[in-house]
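The opening position of the sequence shown corresponds to residue 1 in the numbering used here, with each subsequent residue numbered one higher.
For each label pair, taking beta carbons as the anchor points, the in silico distance ranges come out as:
hint: 1; residue 1: Asn246; residue 2: Gly399; range: 54 to 60 Å
hint: 2; residue 1: Thr230; residue 2: Glu583; range: 55 to 61 Å
hint: 3; residue 1: Asn500; residue 2: Ala665; range: 44 to 50 Å
hint: 4; residue 1: Gly169; residue 2: Asp412; range: 16 to 22 Å
hint: 5; residue 1: Gly169; residue 2: Lys411; range: 20 to 26 Å
hint: 6; residue 1: Asn508; residue 2: Gly470; range: 39 to 45 Å
hint: 7; residue 1: Ala665; residue 2: Gly215; range: 53 to 59 Å
hint: 8; residue 1: Asn508; residue 2: Leu602; range: 20 to 26 Å
hint: 9; residue 1: Glu293; residue 2: Trp227; range: 51 to 57 Å
hint: 10; residue 1: Ser551; residue 2: Asn223; range: 36 to 42 Å
hint: 11; residue 1: Gly151; residue 2: Gly215; range: 30 to 36 Å
hint: 12; residue 1: Glu576; residue 2: Asn508; range: 33 to 39 Å
hint: 13; residue 1: Thr230; residue 2: Asp170; range: 21 to 27 Å
hint: 14; residue 1: Asn508; residue 2: Leu318; range: 36 to 42 Å
These are computed hints drawn from the structure, not numbers from a lab. Please read all numbers here as calculations on a predicted model, not as lab measurements. Idealized CB from N, CA, C, for every residue including glycine.
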Amino acid sequence: MITRMTAKNKTEISRGKLYARYVCIVLAVMLLFSGCMKSGGNGSVNTAPDGTPDKNISDDNDNPSDASGNLPGNPDNAQDGSDSKGAPQETGAIKAPDKQELINPEGMTLDTRILPPSGYTRVPSEAYEITGFIRSLPLKPDGSQILKYDGRPVLNQDNHAAVFDIDIGDRDLQQCADSVIRIYAEYYWSIEEYDKIAFHLTNGFYMNYTKWRDGYRIRVEGNDVEWVKTASYDNSYETFLKYLNNVFAYAGTLSLSAESTRITLDDLLPGDILLEGGSPGHCVLVADMAYNEEGKRCFLLAQGYMPAQDFHVLTNPLHPDDPWYYEEELNYPIRTPSWTFNEGSLRRWAEFELEQWPYKALPASTDANPDNKSEVTLLAVGDNLIHIEVVQSGLKEDGSYNYDHLYDEIKDDIMAADIAVVNQETILGGRDLTYSGYPAFNSPTEIGDALINAGFDVVLHATNHTLDKGLQGVLNTLDYWDKHPEITVLGINRSGEDRNRIAIIEKNGIRIAMLNYTYGLNGYKIPEDRPYLVNLLDKDLMEADLKKARSEADFVVVFPHWGTEYSYEPSKSQKELVEFFYELGVDLVIGTHPHVLQPVELITSESGHNMLVYYSLGNFLSYQKEAARMLGGMAHVTITKDDTGTYISSASITPIVTHYEHGPADYSFGVYKLSEYTPEMGERHGVSDIAVQGAFSYEETVRTAKKVLGSWYQ
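Given these sequences and hints, build the entire structure.
Written as structure tokens, this is what we have:
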């Protein structure tokens, strides 16, 4: 919950009077120093929205739309200064001051963090005016990432100059237009002008806060919305936020389009918006303004985006080190990092109830998916390495085995993902083959039970230990998994037909191909009469597999068991395979085997194709005997499909720690997120009793995670 936003001074000044005040100030400056100001777009063309429900392209990845990185009709990510037809753009970029001169890292509000350019002065504003209100909103510390509603960072962290410290909740609601609506609503709440907190839903329904405050709630059935009295009067901030969440669910850029009027660049003031309504559509708020002695102006722009994420101040793509947008640069098309705004996009919002909704009737239900957008969240962890001590930890007094305790601390994260993947390093040969640890492993099938109970959906079995117990170990493992058809097993095969079948998981309308290979088998040979038994990193076979996968699926993931054990850097062979996978159109690579973390890298080229690589997730769980091997990683990837294609819209990695102690019968085994692990727990870590290369250190583990993951560390 954010701190309640309440200004000290109540006023009855209307928004119209505020705008008049700004206009007078700006005109006075212009007359005094220059006599006139350069005009922007002529504002004469009335570009109507397309009348479709509002949704936006995600800004959650480097190329949030199509393979070229450009939004349909909005070449926002173009780097060559050309428009969608290839014609040169007149950018009008000016020489920008150095970033160090404009950013004060110690500032915690807009006016103290982002300084005006040399020779410019911020337009005067009181705390009760919207400009002063925006300037007073708290910012997160300098350098903060943009986080999504689920707490994960968006993939592209290069397009913001500051992040507002405003709680957006834990639901995917407060997106682009919603963020602007939030600012307007919070402003009127702060000056207690509650009757001005009112917005139209996409079907035209007028949803005013005072009605909600009086105890009325909306009932939505398709395109029909009505007020229903269900509660008593409540003017608390919590009630206000619940009202806003309902507005966010059913309003959007079309709502603001209907409620706003076109303006020219000469009229532009803080609180105005750059807006294109429809699907896709987008909205950016003019957050601040400054002027120089010649009367020329510059502006700061701020936005939310899709999926719901922190409201943030944008950089200027014409000069990324200077976030100010100078009026010479604001001729149409107006380019921002996430969107290019066309003629007629400068608009001013005004609170009023429309007598007639200007668009065709639109469903006010969020169940509809008008832009055919769907998402799948994928979680993956590294090596589940079952040493004999791990086997012993699950032995019960009655002679049975249970391993649910191994994953209790991380279970909620696993269960939350649409698809959860684990690398089962050791074979599940069961009791028939005698349980054993290093160097030739055999694990209880009850390990599989625990993985299922923890929430895993996909199990990788192509590892260097797959043939530790020969053919029978693989067959016993397949027999066990045959009893659990809900689990997708990769890397081992009962027949040639199974080997040639591409495993495809279809979730939320997205077809995801998954393939698993190992570099070798510790010297063991695949039986000559069963060449299909284990998938190896054979380029000829993989090329055929990947071409088939590309033709059958929307998205392709490869899980290679590769690299050099205990090396924090990817090997030459890993790098070569990355190029091989990239050329064959793979979208995501998640590696295992080194037993330590390795870097994360986004591979791109002029072709526009992106491939994300997690070189190694390290160990998920083990009883290895060196402290460095206790650190692993949990990959989080959001795969999005819309009319532009299928792509990674967000990705991150969570450092995790394997913990065990000597003394307790179950060794106190557990997997913890590093953010939830403590120095006190580290002091009890059993690896310190047996490690040759030094005791476990919480501080050193954190340093290692930061060093290996770099900017991916969180």
